[in-house]
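Each chain, written out:
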Amino acid sequence: MIELVSEERCISCNICVKVCPTNVFDKGDDGVPVIARQSDCQTCFICEVYCPADALYVSPYAEQTVEVDERELADKGVLGSWRAIIGWGPGRTKIAAIDTTPFIDRILPPRTIRPQGVSEVVRGGS
Amino acid sequence: MSDSAERRLTADVLVIGGGPAGAWAAWSAATNGAKVVLADKGYLGSSGATAPGGTNLLYLPPDKEMRIRAVEQRMKQGGYLAEPAWIHRVLDQVYTNMELIEQWGYPFVRDENGTPMRDHLHGPEYMSIMRKVVKRAGVKVLDQSPALELLVDEFGVGGARGVSRQDDQTWEVRANAVVIATGGCAFLSNGLGCNVLTGDGYLMAGELGAELSGMEFTRRYAPAPAFGSNTRSRLLGWATYYDEHGNELQGARQGDFLAERLLKGPVYAIMNKADTPEKQALLRKSHAIFFLPYDRAGIDVFTQPFPLTLRYEGTVRGTGGIRIAGDDCSTTVGGLFAAGDAATRERITGSASGGGAFNASWAICSGTWAGKGAAAYALSHQHSAATRDLRPAGRYGLGSASASNGTASSPAVTSQELIKEIQNQVLPLSINYFRTEAGLKQALHRLDEVWKRVNGQVPGNVLEQVRARETAAMAATARWMYTAALSRKESRSGGLHVLAEYPDQDEAQQYRLLVSGLEEISVRTEQVPVSGSPVVPAAAAAASGEVQAG
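So the protein sequences, as listed, match chains W and R. Heads up: the first sequence is residues 1 to 126, going by the working numbering. Heads up: the second sequence is residues 1001 to 1550, going by the working numbering.
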């Protein structure tokens, strides 16, 4: 769930308010969005992708809130890390451009059968 | 809702939903000359199951032999409820559309021969391109604007009403054609990107008398971190499973293994089949979203055990949805079209799951066809939608003012109470995965009781109004699912409907099941249309010995 909007980093662009699919944020009186409906957060991490200021932190725990320490998250390079992996932001290479998914079948562990070209049609599976 | 909306627009085509299907539908309708409005509950670009992660596609080069083999394989896996001509149609259309999306800027990687690898899309990139393309095509986009009910007259649908949830306004869009692209229904089970998928379009279409098809094919759960949301599980192909004592368990992510084990106790996995740094790096650059929750929880998935759960995926990776009547994805309601997971995917998946590839291609193709069909329908309509004598069609979960289902006014109840009760009947493996007639009957009975109370919700503001309507949609969807499941007294290939009392596939039930109605639910059968493309006869399927559902 979303746990942090960094007041220090936030540039008050309100992009997170606009893009959140479950409408978790409200615009704040001081310009910094507030987490108004945390329990509606679906832990999809997409607000972090869109945040140009690396000001948001979505914890991996989807069904419980946790205490977070902004300083620690910043020091460990966690803030903005998902956006960096996706490759959004100036000077970055988009992950789509280096996507290895088409090649993972080449390193499949033994005895897993996957028909070529229709990788997800194994009976009952996806 | 009040009778006059605060924001009123008129268009030719209204697209409800801003995931892939809605985006392609809006682009297609606009490209075919229609004036288009797209309204999404969230944001076109981030909403839905596709946007946060990535998706594989059913995509094959135009190699006739390869495609015929793939179609034959799918026909068998799908219990012969799919149609070869429709699978071929999807293969043709998705190839064209992937060439387009590459032209629009999607940076497909190429293999050693320079061939673009167009069978996988990263969600954020894909959907941000789609947003740009849709807007460039002249579509008016209403973000954060959930539709609540359709407008109708004797000619059929004529638009919709909803709310703009961030500025507390109501809206009304009049349009002679409407494309429902609201996705499936995953019952707020916290799957990745899936909590916006609450069956809203099923209810809106159902209130206009549309039929739904394949709702019994909904026995689908996805492995996810026990603590997290990530239901993208393909990389578990590199996992070994363990119990809480560290004993290795024999099993795979597919089939009954995880469901059976999780009823006994916790299951852990370690990705130790990716046993070199090279393999690990390759996997990290494929499904990056898979690693995110574990990295953040401080778990090294290649060496440390992580706990798994199964999250219910309803019709998202099930196959049921609004019945498609025409090649243009029209429904049986005048002017109403359906695309993506809001529509049944049986025509290309049969009784098997379309999750992981087929559904993504279906969204692209059905969106393209529905948009074109809706544009043609709207542009040939003789009356402007602005002058039609339209009335709002919503009857359930819209607050007391709209409760007109003929019953005495229901006692007040909160949406949260009803959602909990719906989830109690739909999410448990013991009811919905290990399906028995007795279990489904009892659950359906309880859902019928929930249904009687959906009009007792008293929303106090716009957000509660949306939640109340979602609650009604989930209750309706669950009842359609279990009614259909009790009507299919067999287990069909693909594993999406397995009934303990009837463990075998029954050739006499090689038909589709259509449900309709809200107070009383009717069920009827539909024979699978025969097309000219190669089909393996039913007798061959029975002889193959591989049709038993897993």
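Since the hints were made in silico from the structure, they are not lab data. Honestly, I wouldn't trust all of these hints.
Selected chain W positions facing chain R (Cβ under 10 Å, derived; list incomplete) [stated by the list, open to error]:
{"#": "1", "residue": "G31"}
{"#": "2", "residue": "I35"}
{"#": "3", "residue": "Q38"}
{"#": "4", "residue": "I46"}
{"#": "5", "residue": "A96"}
{"#": "6", "residue": "T100"}
{"#": "7", "residue": "T101"}
In silico EDC-like pairs for lysine to aspartate or glutamate, Cα to Cα no more than 20 Å straight-line [claimed, not checked]:
{"#": "8", "chain 1": "R", "residue 1": "K1273", "chain 2": "W", "residue 2": "D105"}
{"#": "9", "chain 1": "R", "residue 1": "K1420", "chain 2": "W", "residue 2": "D40"}
{"#": "10", "chain 1": "W", "residue 1": "K76", "chain 2": "R", "residue 2": "D1295"}
{"#": "11", "chain 1": "W", "residue 1": "K76", "chain 2": "R", "residue 2": "D1300"}
{"#": "12", "chain 1": "R", "residue 1": "K1273", "chain 2": "R", "residue 2": "E1248"}
Ideal Cβ placement from N, Cα and C applies to all residues, glycine included.
Now the hints, each set against the structure:
no. : hint              : result
1   : G31               : violated (16 Å)
2   : I35               : violated (15 Å)
3   : Q38               : violated (13 Å)
4   : I46               : holds (5 Å)
5   : A96               : holds (4 Å)
6   : T100              : holds (4 Å)
7   : T101              : holds (4 Å)
8   : R/K1273 x W/D105  : holds (13 Å)
9   : R/K1420 x W/D40   : holds (15 Å)
10  : W/K76 x R/D1295   : holds (12 Å)
11  : W/K76 x R/D1300   : holds (16 Å)
12  : R/K1273 x R/E1248 : holds (13 Å)
The structure shown violates the earlier hints numbered 1, 2, 3.
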